[in-house]
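Which chain is which? The protein sequence lines are A and B, in order.
Residue numbers 1 to 370, in the working numbering, belong to the letters of the first sequence in order.
Residue numbers 371 to 758, in the working numbering, belong to the letters of the second sequence in order.
For the record, the hints were derived by calculation from the structure and aren't laboratory data.
Hints are not guaranteed to be accurate.
Interface residues of chain B toward chain A, partial, derived using beta-carbon atoms under 10 Å [what the hints assert, rightly or not]:
hint : residue
1    : T406
2    : F442
3    : L449
4    : I473
No farther apart than 27 Å at their CA atoms in a straight line, the calculated lysine-lysine pairs in the DSS-like style are these [claimed, not checked]:
hint : chain 1 : residue 1 : chain 2 : residue 2
5    : B       : K373      : B       : K485
6    : B       : K735      : B       : K656
7    : B       : K500      : B       : K451
8    : A       : K298      : A       : K167
9    : B       : K656      : A       : K298
10   : B       : K595      : B       : K661
11   : B       : K696      : B       : K668
12   : B       : K502      : B       : K485
13   : A       : K298      : B       : K735
14   : B       : K735      : A       : K289
15   : B       : K735      : B       : K696
16   : A       : K257      : B       : K735
17   : B       : K595      : B       : K528
18   : A       : K258      : B       : K735
19   : B       : K373      : A       : K249
20   : B       : K498      : B       : K528
21   : B       : K696      : B       : K656
22   : A       : K258      : A       : K298
23   : B       : K451      : B       : K528
24   : B       : K688      : B       : K661
25   : A       : K298      : B       : K451
It should be emphasised that the depicted structure is a prediction, and the values quoted were computed from it without experimental measurement.
We treat Cβ as the ideally placed atom computed from N, Cα and C, and that holds for glycine.
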Amino acid sequence: MFSVTCEQHTLYEKVQLVSRGVSGRSTQPIQNNIFLQAAADNLILVATDMEFIGVKTTMAVEAAEEGTITVPARILTDLAGRLPPGPVSLAADESNSLKITGKHSDFDIRGLPADDFQQLPELDDPTSFSMTQADLLDILDRTVFATSTDETRPILTGTLLKISGKKLETVATDTYRLALYESLLASEVQRDQEAIISRRPLVELQRILDPDAEEEAEIHISQNQVEFVVGGTVIGSRLIDGQFVNYPKVIPTGGDKKITVKCDELASALDRALVVARQDAYRVVLRAKGETLTVSAKSQDVGEAEETLEISLEGDEAEIAFNAEFMLDMLGAIDSEELLIELSGPLNSGLLRPADDENYLYVLMPMQIM
Amino acid sequence: MNKRIIVHADLDAFFASVEQAENPQYRNQPVIVGRTTGRGVVSAASYEAREFGVHSAMPMWQARQLCPHAIFVPVNGELYKRYSDHTTQVFLSYTPRVEPVSIDEAYLDISGTEKLFGPPLEVARQIKQKIKGDLNIIISIGLSSNRLLAKMASDWNKPDGLVWICDEQLPDVLDELPVCRLSGIGQVTQQRLSCMGISKIGQLRGIPLELLEKEFGKLGLHLYKASRGQGSAEVREYQDQQGRKQVSEEITLQQDSRDLHYLRMRLLSMAANLARRLREQRSLGKTVTLKLRFSNFKTITRSITLQHPTDNWQMMYKAAEELLDKMDLGAQRVRLVGLGLSNLSDGTGVSQLSLFDDGPVQAYKLDRACDQIVERFGNGAITQARLL
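Excised from the complex, chain A in its bound form (with noise of 0.2 Å):
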């Protein structure tokens, strides 16, 4: 019962990438595992702490005999990781331990019957589209920093999912900021669907989409659960219950001082102002006024930091104060030549986007001038 043999560095690449989906928290060990099924000539390797993430994944191998087993995921990393490239050899026998044998290496990992091994169940019925991996990227690396680390209120710590017709609505938001991008899908879903999605299967996802890849990513979702599917791998997560944040009123319209401003020049005088903001809760003043935008932070430890830069300013001048790593966060996911701030008060909220495009927005809230 299961016999297969494979590369060493095929064999670590695809460990490493299913072993995301053990937490370490669980409260069933055996879901600290690799499941490991043997099947034709595929070695099928699923990691999931049933909440959260699940990964699984396919690799070619020669399969000598089918069969199944779960071994511990650190225990295979840290062995797979450590054998000489070459080829490996993995065999279970009834006594459910894996024998793994290297060039020169033989060893004997205890692990635990594959039936008590649970999966991440099937999806009933789902809303499925597909898009570049290119795309669905660029639409992960424009909203998911966005939200929150706050366990307390579940909802915020998703990126919501919403697609109606051919639209896709990307939304993320910590109550300070919040990422919106709009897409258009190649063709209409058959039903309208949303789906709050957890930050760790996305940022896996963020890790294996590869943007030159040919092979689209398929989106498969249901009403409690979702699916990406990337070449060989599937990342699925069950969906955060509950009513997003009602985004679209907060969405600001009557900004009327509009600046102007290089993408790079402002993110470089943000990085060097953080120097000094970074003490005083990573807060900086922007005033802009006539061709002009001053960048400044103070920090009673520190000291003082001013940076000017050129821009072009349509309306009255303006003061506002932002958190620069909420504004740095934004700059660092567009690749526009110029960004567009539309202010309206100093104690109103800011629209952020890039000149070029304007199916993205970032609405981010000021703080306090002290």
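Given chain A's structure and the hints, the job is docking chain B onto it.
Relative to chain A, chain B alone:
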């Protein structure tokens, strides 16, 4: 002054260690913390990642090349601050002289704590254990008679180090160390020293003061002293670094009273005054303290710490009222009421407004509008209706 015992505590690979503590699946894995999108540099690398040559301040793309299988994590400042604050609290349980110099480093003066906590090395071990136990992160500790040496000691045996440089070992113990290990010596100074044929601290000590001063100006004296292991041993008290301590007000009632409504109105009026004073000095208070003195002159105080620091009278009054309601006055009459705001800050970490809750913005606007009215028309021009 008695011989001082200075501790330098340095949290090892701090951001990366916190991520590993928070995410058990990251343990024993190379973890790289930094801005993961766009133009970013490495903020911290776990020791597993350092084995691949990754170090902080390295561009992210380079780190990815050196260690493609690492776990890349975005910077989570709030989380690291929480961990850092906790370590400061641990330090403060041994000595009030704690001077944080950055989020992951602090100096402590533990002179004279022997009777309470045991010999210095024992204190250091306790601190290491407590931090490991509470937070599951490791810390390197150096002990010596001044800050310069304590820092070198903590650097000696990282990670998880514990080194004491005693005066008896001086100055020979420094001889073989590279000069860059002395604080205040950057790349430029190091290069200039190297041109003079000096790479080790022992060699630096051989140079006369006049020559160093001629070559390096003011820095010369520092180099001269540092190469002999001499430096400042002053560690400021933690409280003194936290700025103005508190604002408070108290009034002796015209007649002793146990009329709760009357007491509440006095508190309301004091809260309004204190809030205005805080706004004037541009600071925020986090701890509200209520003080009552009874007819028999017995005095009690009760405090509550708010979730967020504030300069808003409503928040203060609500807390004061809550404190008053919890006290059982019984038959006692109150002679004096006091209200205080402490734990003051300059607004750090509080003033981020929320997209979905405009309460704080409204309160902020209202308070400032009232301040302007008072400024123009004088005290009493506008006040809470309940006080009329």
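For this session: Could you work out which earlier hints the structure fails to respect and list their numbers in ascending sequence?
Result: 8, 10, 15 and 19
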